[in-house]
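Colleague: Chains E and B, in that order, are what the protein sequence lines are. Using this note's numbering, read the first sequence as starting at 1 and increasing by one per residue. Using this note's numbering, read the second sequence as starting at 1 and increasing by one per residue.
Any given hint could turn out to be false.
In silico DSS-like cross-links for lysine-lysine, where the CA-CA straight-line distance does not exceed 30 Å [what the hints assert, rightly or not]: (1) K48/E - K64/B; (2) K64/B - K401/E; (3) K137/E - K47/E; (4) K48/E - K329/E; (5) K22/E - K401/E; (6) K3/B - K60/B; (7) K60/B - K48/E; (8) K47/E - K3/B; (9) K329/E - K401/E; (10) K22/E - K64/B; (11) K3/B - K48/E; (12) K60/B - K137/E; (13) K22/E - K60/B; (14) K401/E - K137/E; (15) K137/E - K48/E; (16) K3/B - K401/E; (17) K3/B - K64/B.
Now the stretches of chain B that chain E is said to cover, found in silico as 3 or more residues with beta-carbon under 8 Å [as the list claims (entries may be wrong)]: (18) 40-49; (19) 56-64; (20) 88-100.
Calculated from the structure, these hints are not laboratory results. For every residue, glycine included, the Cβ atom is placed at its ideal position computed from N, Cα and C.
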Amino acid sequence: MRRIVIIGAGQAGLQLAESLRKGGHDGELYLIGDERWPPYQRPPLSKKYLAEDFADARLFFRPLEHYTRLNVDLRLATRATAIERAAQRVALANGESLGYDGLALTTGTRVRPLPVPGAAHPAVHYLRGLDDAQALKQRLAGARRVVVIGGGFIGLEVAATARHADCEVHVVEALDRLMARVMPPVVSDFFATLHRAHGTQLHLGAQVAAIEPAADGSVEVRLGDGSGLPADLVVAGIGVLPNQELAVAAGLACDNGIVVDEYARTSDPLIVAAGDCTVHRNLRYELPHRLESVQNAVDQAKVAAASLLGQAQPYADLPWFWSDQYEVKLQIAGLSAGHDSHVLRGEPSAAGFSVYYFRQGRLIAVDSLNRPAEHMLARRLLSGGTHVLPAQAADPAFDLKALLVAT
Amino acid sequence: MPKVTFIDAAGSSRVINIPAGWSLMEGAVQNDVTGIAAECGGGCACATCHVFVAPEWIGKLPEKSPAENDLLECTAVSRTPASRLSCQIPMSDALDGLVVHLPERQT
Chain E
1 MRRIVIIGAG QAGLQLAESL RKGGHDGELY LIGDERWPPY QRPPLSKKYL
51 AEDFADARLF FRPLEHYTRL NVDLRLATRA TAIERAAQRV ALANGESLGY
101 DGLALTTGTR VRPLPVPGAA HPAVHYLRGL DDAQALKQRL AGARRVVVIG
151 GGFIGLEVAA TARHADCEVH VVEALDRLMA RVMPPVVSDF FATLHRAHGT
201 QLHLGAQVAA IEPAADGSVE VRLGDGSGLP ADLVVAGIGV LPNQELAVAA
251 GLACDNGIVV DEYARTSDPL IVAAGDCTVH RNLRYELPHR LESVQNAVDQ
301 AKVAAASLLG QAQPYADLPW FWSDQYEVKL QIAGLSAGHD SHVLRGEPSA
351 AGFSVYYFRQ GRLIAVDSLN RPAEHMLARR LLSGGTHVLP AQAADPAFDL
401 KALLVAT
Chain B
1 MPKVTFIDAA GSSRVINIPA GWSLMEGAVQ NDVTGIAAEC GGGCACATCH
51 VFVAPEWIGK LPEKSPAEND LLECTAVSRT PASRLSCQIP MSDALDGLVV
101 HLPERQT
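Using the sequences and the hints, build the whole thing.
Modeller: If you want it as structure tokens, here you go:
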């Protein structure tokens, strides 16, 4: 293949470029990103980067020389505006047009905007990219009262950071518990207790009706029940939307994400896609899904690169995730959606415990809190399809590692 | 700026300056040291930034947290008493001259 173009210079785009070179692609390689930054790590943006004096360069995955050495033409602050499939060309906002023999879409996601009146007020921030994090950090430095809208991973990580900065923090969550989409009540309750113990006020089952301007550039967050929360800073973390517009306009199949098969191929055989922007199939799961994670960016990009190189291998890697909130590290192995039972290993406390999820008697996912080694063991148990009985998982005295050796 | 020598599994070495305050992993990644994957970006969540610290430096590093100690059980190349996760080592002038060896693989 002579020329491969990758649209999207995030973690998936970088992995694709590196895997293509490693896999033997010696033709031209373009990596095109609409941000002004070279590929960088997003997870620290809501954690260390926000909490500490943290140089931007510490986030970059590779130094700029790396791209020269790999012979990757890295185009930053460059937006792709159209994919002309018949002509096999990508149009860029600067007027340039790049022909391709193979194309990869790693366009990621963008934040879901807060759908209430007044949301355009400058006190309202989001967190997705480094530019967002810089603006948020600056505003946080001068803020005393912070309202976080959305009790998911991003919102809660930002809430913890704002408490560290000694701000008065309120979290407003529409559902009746935290992280409800991905966590069972026992974990939601544990985190609710943790955040309250650190002085954060939680408003569960509460709707935001409007953002009303107040004195000195601050706002009042008006809730559905009419009450108001004054804020110098509002951070909305209410989910993301896949960047699929280029793909849609090019006539590629999309359904809340760019649809790809288990080989990361789109409906056009010359085009692959990987990372947060895809709705994909993984051999481990029956239904296609979209995952927003480092693991999916890295592993699916490897699959996509192999497909472009004609060395197709199906995507069957185990999903994993993590979130840091105060002194608690939450780590997730596998997808618990569709579980029909779960057991606890250990009692819910900051000392650490895990939740094991089963479906029809088979272990499908494990959430670990402050149990990093158990998380890694869980990944091995799940990856290998090791048979674990609920009673074994629930018995802290039972050595789960022994099961691994036995199989 | 503290200097660190990285010696890969094949025995070739590179000397790199890492700003104080950065982690050893960040310095390695920013200087394109191959052999450190650091998939989780320094979250102490993945055990893919494993290094073996030269014997004379082991006692001069900050103590391992329980989380790091647990994660070291899960490295791709088995741990030794010299094993550390490089994301958990903050660089300081006291570590000028540090020598670490890289494992054959991280995943």
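Colleague: State for each hint whether it applies.
Modeller: Now for the hints, and whether the structure bears them out:
At roughly 19 Å between alpha-carbon atoms, K48/E and K64/B fall within 30 Å of each other, so this suggested pair holds. With a C-alpha separation of about 23 Å, the suggested pairing of K64/B with K401/E holds against the 30 Å cut-off. The hinted pair formed by K137/E and K47/E meets the criterion: a straight-line CA distance of about 11 Å does not exceed 30 Å. With a C-alpha separation of about 13 Å, the suggested pairing of K48/E with K329/E holds against the 30 Å cut-off.
Of the supplied pair hints, the one linking K22/E and K401/E is violated, its CA atoms being roughly 34 Å apart against a limit of 30 Å. Taken as a hint, the K3/B and K60/B pair is honoured in the structure, with Cα atoms around 15 Å apart against an allowance of 30 Å. Between K60/B and K48/E, the direct Cα distance comes to roughly 25 Å. Compliance with the 30 Å bound is thereby established for this hinted pair. For the proposed pair K47/E and K3/B, the alpha carbon gap of about 28 Å is at most 30 Å, so the pair holds.
Of the supplied pair hints, the one linking K329/E and K401/E holds, its CA atoms being roughly 21 Å apart against a limit of 30 Å. Between the alpha carbons of K22/E and K64/B the distance comes to roughly 34 Å, so the proposed pair goes past 30 Å and is violated. Proposed proximity of K3/B and K48/E is supported: the alpha carbons are some 24 Å apart, at most 30 Å. For the proposed pair K60/B and K137/E, the alpha carbon gap of about 34 Å is over 30 Å, so the pair is violated.
Between the alpha carbons of K22/E and K60/B the distance comes to roughly 37 Å, so the proposed pair goes past 30 Å and is violated. With a C-alpha separation of about 43 Å, the suggested pairing of K401/E with K137/E is violated against the 30 Å cut-off. Annotation: proposed proximity of K137/E to K48/E holds, straight-line Cα distance about 11 Å (limit 30 Å). At most 30 Å may separate the alpha-carbon atoms for a hinted pair to count; K3/B and K401/E exceed this at roughly 40 Å.
Our distance criterion of 30 Å between C-alpha atoms is met by K3/B and K64/B, whose separation comes to about 22 Å. Evaluation of the coverage hint for the stretch 40-49 of chain B: fulfilled, as 7 residues show C-beta separations to chain E shorter than 8 Å, against a requirement of three. A count of 0 residues in the stretch 56-64 of chain B with a Cβ less than 8 Å from any Cβ of chain E is obtained; the coverage claim is therefore unmet, three being the minimum. Beta-carbon proximity to chain E at under 8 Å applies to 0 residues in the stretch 88-100 of chain B; the threshold of 3 is not reached and the given coverage is violated.
Hints 5, 10, 12, 13, 14, 16, 19 and 20 from the list above are not met by this structure, while the remaining hints are.
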